[in-house]
Structure formats: C-alpha cells, structure tokens
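Engineer: Sequence:
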Amino acid sequence: MKLIEITRDEIREDLVGLVPVGSIEQHGPHLPMGTDSIISEYVASKAEEKLKETTLLFPTVYYGVSLEHKGFPFISLSFQTAISFFNDLLESIFKDLGLRRIIIVNGHGGNSYFLPLVQREFNMKYSNAKVMIFNIFGEEEKLLFNVNDLHAGTVETSKIYAIDKRVVRLNKIEEIKSYDVRDGVFVYYSTKEANQFGVLNDGKPIRIDEELGKKILADTVNKLIWLILNFKV
1 MKLIEITRDE IREDLVGLVP VGSIEQHGPH LPMGTDSIIS EYVASKAEEK
51 LKETTLLFPT VYYGVSLEHK GFPFISLSFQ TAISFFNDLL ESIFKDLGLR
101 RIIIVNGHGG NSYFLPLVQR EFNMKYSNAK VMIFNIFGEE EKLLFNVNDL
151 HAGTVETSKI YAIDKRVVRL NKIEEIKSYD VRDGVFVYYS TKEANQFGVL
201 NDGKPIRIDE ELGKKILADT VNKLIWLILN FKV
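Per this note's numbering, residue 1 is the first one in the sequence shown, and the count goes up by one each step.
Hints listed in this document are in silico derivations from the structure and should not be mistaken for laboratory results.
The reader is advised that the hints may include incorrect statements.
In silico DSBU-like pairs for lysine-lysine, Cα to Cα no more than 30 Å straight-line [unchecked claim]: (1) Lys223 x Lys165; (2) Lys46 x Lys192; (3) Lys52 x Lys172; (4) Lys125 x Lys2; (5) Lys2 x Lys172; (6) Lys204 x Lys50; (7) Lys177 x Lys46; (8) Lys95 x Lys142; (9) Lys70 x Lys223; (10) Lys50 x Lys2; (11) Lys95 x Lys172; (12) Lys204 x Lys232; (13) Lys125 x Lys142; (14) Lys177 x Lys50; (15) Lys214 x Lys95; (16) Lys165 x Lys125; (17) Lys2 x Lys70; (18) Lys204 x Lys192.
If you're wondering where the values come from, they're calculated on a predicted model, not measured in any experiment.
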C-alpha cells in the first residue's frame with residue numbers, strides 16, 4: 001500500500017514501512033540529478049507492488065547529504081539537519097502511525113555516513129520497534145559489471161537506462177574526456193577534485209548494459225522482499 005493513497009483506517013501496526021531515500025546531485029553530464037532517488041524509489045515501489053498487504057510505501061525523501069559534490073550543482077542537507085530530520089521522521093512513523101518495523105531504502109552512498117547513527121539511536125531507544133537500512137548498491141553489482149563504479153559510471157547508468165532510458169542523455173557521454181579518478185575521493189577530495197567531469201568509473205569508459213541493469217534491479221528487489229518477509233521485532 002502507498003501511504004499517500006490510503007485512509008487513516010487502513011494503517012496497521014503490522015505493516016512494514018518502506019522509506020526510499022536518495023539525493024539531488026549531479027551525475028555527470030548524462031544522468032539526471034535525481035538518479036539515486038529514482039533508483040531507490042523504483043526498488044521500493046517494486047517490492048511494494050509484490051507485497052501490497054504487507055508493506056506501506058512512504059513518499060521518497062529526495063534530499064540527502066551530498067557535500068562531496070561541491071563545485072557541481074547539488075542540494076544537500078547538513079549532517080546535523082539530516083540526523084535531526086530522520087530522528088523526527090522515524091519517531092513519528094512509530095508513535096503517530098504505529099508502525100513497529102521500518103526499512104530505509106537508501107540509494108545514496110553519502111547517506112551511509114549518518115543513517116547508521118539514526119538507526120542505532122532509534123533501535124537503542126525502543127525495544128518494541130526497529131529500523132533497518134537497505135542499501136541498493138554494493139560490491140556484487142560492481143563485480144557483475146567488472147568495474148568499480150563509485151558515481152555516475154557503468155553500473156548507475158545501466159540501472160537508470162533499464163528503468164527509464166528516456167532520461168539518459170546518451171549524446172552527452174562523449175563529453176566525458178577523462179575517466180581518471182584521483183585517490184582519496186569522498187574522504188580527502190570532492191568528486192570534482194577527483195574527476196573534472198563528475199564521473200567516477202574506475203578509469204574506464206562508460207558501458208551501458210540494459211539487460212544486466214535489469215538483472216541487478218530485479219535481484220535488489222528480491223533481496224528487499226526477503227528482508228521484508230524476515231523482518232521481526
């Protein structure tokens with residue numbers, strides 16, 4: 001079920017809440033600003049479609065922490081604001097809606113720095129409600145594509161292309177003249193300092209594989225479904 005489409009009387013405490021979280025930030029010259037949000041929303045919505053009576057899909061939180069994209073267009077919350085916002089959001093979902101199982105479906109690597117802090121604080125505070133974090137990215141997809149795509153590279157481009165090829169500007173890929181990545185990105189250096197084109201694809205040109213993109217998305221949805229079905233408090 002989708003929260004924005006149901007009435008108050010349809011909300012049940014046994015539902016598993018799905019909260020897609022992404023970002024608004026540059027993804028090279030060829031991918032949309034909302035790439036992370038689009039993918040997390042897609043994965044969460046596909047899981048909800050298969051488990052309509054088990055899940056409650058929340059509106060996507062499009063804004064995250066994207067400070068690493070300084071020098072390019074982006075919108076970012078501070079870590080302090082993001083932590084405060086999610087603390088309030090999760091507490092309201094539990095106290096005001098009554099849900100005791102909440103899964104944050106995270107599509108942005110930059111959010112991984114603060115979401116575990118929010119999760120830990122909530123889970124230690126309440127014994128009868130729990131929060132889990134499900135990241136839609138991981139090492140497995142990099143191995144399948146044989147590339148360490150840190151941002152806007154082969155993996156992300158293939159996934160977005162599989163979701164909606166209309167939003168991928170194929171003609172803009174040729175504007176990426178260098179795929180070199182400076183060591184220390186995200187820790188010591190911003191994306192722009194690491195690669196002037198804002199693409200971090202392990203020094204390799206972008207290769208789009210729609211079928212592999214579909215496979216990774218389907219596998220990710222199935223993993224989320226497994227987590228939902230096995231989530232116990």
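Engineer: If any of the earlier hints don't hold here, list their numbers in rising order.
Structural biologist: Going through the list in order, the structure violates hints 2, 3, 5, 6, 7, 8, 9, 11, 12, 13, 14, 15, 16, 17 and respects the others.
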